[in-house]
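Protein chains: 2
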Amino acid sequence: MSYATETPEKIRKLIREMKITGPTAGMANGYAQANLAILKQEHAYDFLLFCQRNPKSCPLLDVTEVGSPYLTVAKGADIRTDLPKYRVYREGVLTEEIADITSLWEEDMVGFLIGCSFTFEDALLNNGIPIRHIEEKCNVPMYKTNIECKSAGLFKGVTVVSMRPMPSRDVPRAVQVTSRFPSVHGSPLHIGSPKEIGIQQIDHPDFGDAVTIHEGEVPVFWACGVTPQAVAMEVKPSIMITHAPGHMLITDIRDDELGIL
Amino acid sequence: MSYATETPEKIRKLIREMKITGPTAGMANGYAQANLAILKQEHAYDFLLFCQRNPKSCPLLDVTEVGSPYLTVAKGADIRTDLPKYRVYREGVLTEEIADITSLWEEDMVGFLIGCSFTFEDALLNNGIPIRHIEEKCNVPMYKTNIECKSAGLFKGVTVVSMRPMPSRDVPRAVQVTSRFPSVHGSPLHIGSPKEIGIQQIDHPDFGDAVTIHEGEVPVFWACGVTPQAVAMEVKPSIMITHAPGHMLITDIRDDELGIL
Numbered sequence: 035m036s037y038a039t040e041t042p043e044k045i046r047k048l049i050r051e052m053k054i055t056g057p058t059a060g061m062a063n064g065y066a067q068a069n070l071a072i073l074k075q076e077h078a079y080d081f082l083l084f085c086q087r088n089p090k091s092c093p094l095l096d097v098t099e100v101g102s103p104y105l106t107v108a109k110g111a112d113i114r115t116d117l118p119k120y121r122v123y124r125e126g127v128l129t130e131e132i133a134d135i136t137s138l139w140e141e142d143m144v145g146f147l148i149g150c151s152f153t154f155e156d157a158l159l160n161n162g163i164p165i166r167h168i169e170e171k172c173n174v175p176m177y178k179t180n181i182e183c184k185s186a187g188l189f190k191g192v193t194v195v196s197m198r199p200m201p202s203r204d205v206p207r208a209v210q211v212t213s214r215f216p217s218v219h220g221s222p223l224h225i226g227s228p229k230e231i232g233i234q235q236i237d238h239p240d241f242g243d244a245v246t247i248h249e250g251e252v253p254v255f256w257a258c259g260v261t262p263q264a265v266a267m268e269v270k271p272s273i274m275i276t277h278a279p280g281h282m283l284i285t286d287i288r289d290d291e292l293g294i295l
Numbered sequence: 035m036s037y038a039t040e041t042p043e044k045i046r047k048l049i050r051e052m053k054i055t056g057p058t059a060g061m062a063n064g065y066a067q068a069n070l071a072i073l074k075q076e077h078a079y080d081f082l083l084f085c086q087r088n089p090k091s092c093p094l095l096d097v098t099e100v101g102s103p104y105l106t107v108a109k110g111a112d113i114r115t116d117l118p119k120y121r122v123y124r125e126g127v128l129t130e131e132i133a134d135i136t137s138l139w140e141e142d143m144v145g146f147l148i149g150c151s152f153t154f155e156d157a158l159l160n161n162g163i164p165i166r167h168i169e170e171k172c173n174v175p176m177y178k179t180n181i182e183c184k185s186a187g188l189f190k191g192v193t194v195v196s197m198r199p200m201p202s203r204d205v206p207r208a209v210q211v212t213s214r215f216p217s218v219h220g221s222p223l224h225i226g227s228p229k230e231i232g233i234q235q236i237d238h239p240d241f242g243d244a245v246t247i248h249e250g251e252v253p254v255f256w257a258c259g260v261t262p263q264a265v266a267m268e269v270k271p272s273i274m275i276t277h278a279p280g281h282m283l284i285t286d287i288r289d290d291e292l293g294i295l
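Protein chains in written order, with this note's numbering: chain A, 35 to 295; chain B, 35 to 295.
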């Protein structure tokens with residue numbers, strides 16, 4: 035069985051049954067995967083507003099009803115069991131990495147699904163633009179910048195970006211291709227000099243892995259779905275649950291449906 | 035003095051001083067105008083979620099802090115005085131139409147600014163696509179449809195659409211041009227048969243004015259910013275304040291900045 039050609043529903047079932055426990059990259063090809071953030075109701079309004087004010091880093095794909103683990107964008111999915119791995123942050127500190135959060139679920143929790151760059155990476159590849167961290171079989175490099183998010187209530191902090199290096203001839207097409215997908219971070223935030231956005235060491239990312247930048251290549255930076263997690267960690271809510279990096283929720287939304295045109 | 039070439043800040047000042055009291059169409063050309071909805075805090079989370087779930091009819095441009103009448107998208111603007119006319123709904127019933135709502139403002143109110151189709155109408159005109167209600171100097175025709183919004187808490191109801199008739203040869207370009215502007219309703223919701231979306235009498239709009247549809251023309255329908263007002267009227271909050279039709283808030287956002295590419 036190839037996970038690449040399975041339906042999202044089938045993959046979610048295998049995850050729920052713990053037959054899939056690793057990263058979801060390359061599974062259910064053509065369907066959008068999503069970041070997850072779960073917060074208590076007391077923070078839900080501010081977080082929702084934070085997402086509205088920072089749509090490039092926090093493009094919301096779905097929000098559950100208070101106390102409900104169910105989604106509108108993934109039929110029959112349960113956000114407590116249908117991701118392979120979760121991270122639990124208590125008072126801003128990572129305390130557990132677990133495969134099922136049913137026992138931690140509370141009646142005043144709200145789940146937020148945030149668009150993931152896997153969707154636009156497929157579009158870049160389909161346009162002949164190679165992606166270094168895929169070539170080097172590692173995680174995308176991510177950096178904290180000096181670009182302040184617009185704050186909302188308790189939620190404030192800097193934007194985290196992901197970086198993909200490419201020959202400068204590919205940059206205009208990369209801008210076009212990703213602009214079509216505003217709900218998965220959209221067009222780049224910055225092209226070129228890392229220092230201009232406060233990144234001092236391009237070979238030492240704050241999250242993920244460093245990748246090779248070849249002579250003559252330009253680093254291109256996109257707002258990253260890690261931003262809300264990084265911001266929430268500073269806010270130090272009593273509890274916040276997220277997906278573990280790379281262990282995403284696979285939705286029923288086709289990547290192409292997220293294209294604005 | 036021509037209002038068309040004035041800055042948004044100057045026009046807002048003239049409105050605040052009651053030197054401008056009529057509709058804002060054609061003022062501060064090139065800058066985005068916006069719909070306004072003010073609700074009490076108790077409804078703010080549900081309304082924000084409603085907008086997130088229905089981005090084509092309710093594209094949010096800004097949300098004020100609770101109790102604050104100030105915006106991030108219009109420097110120095112006060113939403114209590116800087117629109118020429120407001121409507122006040124009590125328990126879902128229109129009770130007043132007034133030029134200043136300072137005396138009605140409460141410390142638990144939240145203002146929501148929602149994108150307005152003026153922005154994409156300019157883009158259509160710039161692309162050589164004529165707009166009938168502008169030619170006929172009347173308001174755009176708007177209709178309730180059978181397209182259910184995604185509900186959020188108390189907020190539920192049908193989508194309201196605006197209609198612009200055009201020769202079928204112009205339809206593909208109209209789709210392209212408006213797709214570029216997701217934050218002002220984006221691409222059409224429906225093209226052609228009004229009955230398919232539950233509109234029985236195209237010459238009797240539910241809001242605005244009827245316009246001529248010439249032989250061979252196709253009606254094209256876009257999600258409309260009146261949707262949240264129509265929905266909120268059914269929810270019957272104790273108080274809800276909106277702009278009066280055509281009497282919009284003029285923001286500092288250039289229309290072109292709202293283009294996704």
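Treat the hints as calculated values from the structure; they're not laboratory data.
A hint or two may mislead.
Identical chains blur together in the list; that is why a pair holds if it fits in one copy or across any two.
Derived pair list, reagent style BS3-like, types lysine-lysine, alpha-carbon separation capped at 27 Å [to be verified]:
no.	residue 1	residue 2
1	Lys119	Lys229
2	Lys190	Lys109
3	Lys109	Lys74
4	Lys47	Lys119
5	Lys171	Lys90
6	Lys184	Lys109
7	Lys90	Lys184
Here is how each hint holds up against the structure:
1. Lys119 x Lys229: Intra 34 Å, inter 48 Å, cutoff 27 Å: neither.
2. Lys190 x Lys109: between (33 Å within a copy, 21 Å between copies)
3. Lys109 x Lys74: within (23 Å within a copy, 34 Å between copies)
4. Lys47 x Lys119: This pair counts as within: shortest intra-copy Cα distance 14 Å, inter-copy 55 Å.
5. Lys171 x Lys90: Intra 26 Å, inter 38 Å, cutoff 27 Å: intra-copy only.
6. Lys184 x Lys109: between (33 Å within a copy, 16 Å between copies)
7. Lys90 x Lys184: both (11 Å within a copy, 23 Å between copies)
Going through the hint list in order, the structure does not satisfy hint 1, though it satisfies all others.
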